[in-house]
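Chains as they are written, first to last, in this note's numbering: chain A, 7 to 307; chain B, 7 to 307.
Bear in mind the hints are in silico, worked out from the structure with no lab data behind them. Just to be clear, a hint being listed does not mean it is correct.
Pairs count within a copy or across copies, as identical chains cannot be separated in the list.
[Stated by the list, open to error] Here are the simulated lysine-lysine pairs, BS3-like style, with alpha carbons at most 25 Å apart: (1) K302 x K264; (2) K302 x K257; (3) K168 x K255; (4) K59 x K116; (5) K182 x K168; (6) K264 x K254; (7) K168 x K133.
Owing to the predicted nature of the structure, the values given are computational and were not obtained by experimental measurement.
There are 2 protein chains.
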Amino acid sequence: MIAATGSVALDTTRTPSGTAERVLGGAASYFAYSASFFSPVGLVSAVGEDFPKSYWEVLERKGINLEGVQRVAGAKSLFFDSTFDLDFHHRTANATELNILSQFHPVVPKSLQHAEVIYLGTMEPAKQLAFLEQFPNRKLAFMDTIDFFIENQTNELWRTIKAVHGMIINDVELGKLTGTSNLVRGAFNLMDHGPSFVLVKKGEHGSILFSRAHGIIPFPAYPLENVVDPTGAGDSFGGGFVGYLASKKGKITERTLKEALVYANVMGSFACEDFSLNRLVNLSREQVEERFDHYKRMLLF
Amino acid sequence: MIAATGSVALDTTRTPSGTAERVLGGAASYFAYSASFFSPVGLVSAVGEDFPKSYWEVLERKGINLEGVQRVAGAKSLFFDSTFDLDFHHRTANATELNILSQFHPVVPKSLQHAEVIYLGTMEPAKQLAFLEQFPNRKLAFMDTIDFFIENQTNELWRTIKAVHGMIINDVELGKLTGTSNLVRGAFNLMDHGPSFVLVKKGEHGSILFSRAHGIIPFPAYPLENVVDPTGAGDSFGGGFVGYLASKKGKITERTLKEALVYANVMGSFACEDFSLNRLVNLSREQVEERFDHYKRMLLF
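One chain only, chain A, in its complex shape (with noise of 0.2 Å):
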């Protein structure tokens, strides 16, 4: 079981494809709907009454755990309203309204609290370290952050980060955290503090995981002829990749790694084909297993 926290929001997005109002959105949604591919996943967040009943049963229908989701009477759902550019590389936010997730604390149910696999999506550092010290079982803590929090909150980020087991986090990001755009500097000065695994996410360009036992494995993205909608790549890309070796219940060989991080391409690649998370509930284990030997084959020699 993993139990993850992080946002769960209404998301206005605009792409050169189209404009979705108002859809299901928000990194915990994607992460946990991705994962679950792989693992059960208990999710932790809150949402106001504006949520729609309709995408709770979305998450619901997929077998997530959403004991730990808040609704709060009331209250207004995290709102994000951004535009991506013509060709995808740069999203501009129109608007983020907070709301409910400004005075969220997450509380565990009774029914994660023995869960060893652990996701801090992004919100403030004292939060996510509140979370995990909930589970007296952690064997395998993954977490993320924001510009913002790298910024504002830097003492509470790097107490957070000592306590994971790993980094998932996009590369200007772990720049700006460590001081050094050169990202094999970045990631070993940053798993000196404490993690034994930094996966540094690239968007279209891949990623590169960073293991103090494993060394350093670089993978492409899967190469996408129709991109939709970007939003949530990474966060889908960070469910494959932890769903998938908590489905290993925690054992971590090099060849476990790599399988991880091909489900974490192919998880993103999928999120990108529609709005939402749309693609992700469309889709089969098969279709992600075929993407998966195709991920292989285009590497393999």
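On the provided structure of chain A, position chain B as indicated by the hints.
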């Protein structure tokens, strides 16, 4: 034998690691030096009176056939002065003096006329085509180009593209040439015009090979902790790719293409580790093989 044309230059390069003044540079120098680790190479280019004898000897000692390099009395060599920013992501041209290259017409010496593998480094596309047509036995021809010719000599460029087997081009230039920032669509669009291969260079993010017969093969860059000067990395990458394919006597299989891509990434990575061609000059074939093996182990599972 590979017959290669393109620029041989004097470079002044300023990077966060230091400044190198009037050192040996030029796309064709890097390409030829890198390719000659795998296959004999003949170079066709031009330099001025100011081109140091010691630089000539660097190329000569590697066994590169220089009969086609004109040394023009009273003329000056191509000179390029540029500065890389702190994170090596952007390069600013401080001065570009075409000098002898502006009047250069590649003339193929007898000793190269039977070459079967041809490389057309960046220059006016009409000159590239005129060079290509001097090889009656050509079996495999690759070309590169830059923004300037995409924007200003579009028709001539497409004429040359139709005549080659493969294009080696960076991601931004492919986008400009094909009018789409989606590399998959851009590459297949390009192949519709003639070439069987498009090899897209993405710098530190590696490369993607598109092949009409073998599909899409994305490979990551070899991760580097110490980058001194990325000048010529893409040309050294191309040299590794074409050089290795040439050594296979035109037997192009999925396996030789993938091996060629690994050699390409390996040679590109070495080129970044020192100014000018210095790291390539101090490189043994054993070190190339060591990095090849390491690269392969990184991806293998």
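Results of checking the hints against the structure:
1. When the C-alpha separation of K302 and K264 is checked against a cutoff of 25 Å, the pair qualifies both within a copy, at 10 Å, and between copies, at 13 Å.
2. In this assembly of identical chains, K302 and K257 lie within 25 Å of each other by CA distance both inside one copy and across copies; the values are 21 Å within and 23 Å between.
3. In this assembly of identical chains, K168 and K255 lie within 25 Å of each other by CA distance solely inside one copy; the values are 23 Å within and 54 Å between copies.
4. Within a single copy, K59 and K116 get their C-alpha atoms as close as 24 Å, which meets the 25 Å cut-off; across copies the closest is 78 Å, which misses it.
5. With identical chains, the CA atoms of K182 and K168 are at most 25 Å apart within one copy only, with a shortest distance of 17 Å there and 45 Å across copies.
6. In the homo-oligomer, the alpha carbons of K264 and K254 lie at most 25 Å apart inside one protomer (13 Å), although the nearest pairing across protomers, at 31 Å, exceeds that limit.
7. Proximity of K168 to K133 under the C-alpha cut-off of 25 Å is restricted to the intra-copy arrangement: shortest distance 14 Å within a copy versus 59 Å between copies.
In this structure, none of the earlier numbered hints is contradicted; all agree with it.
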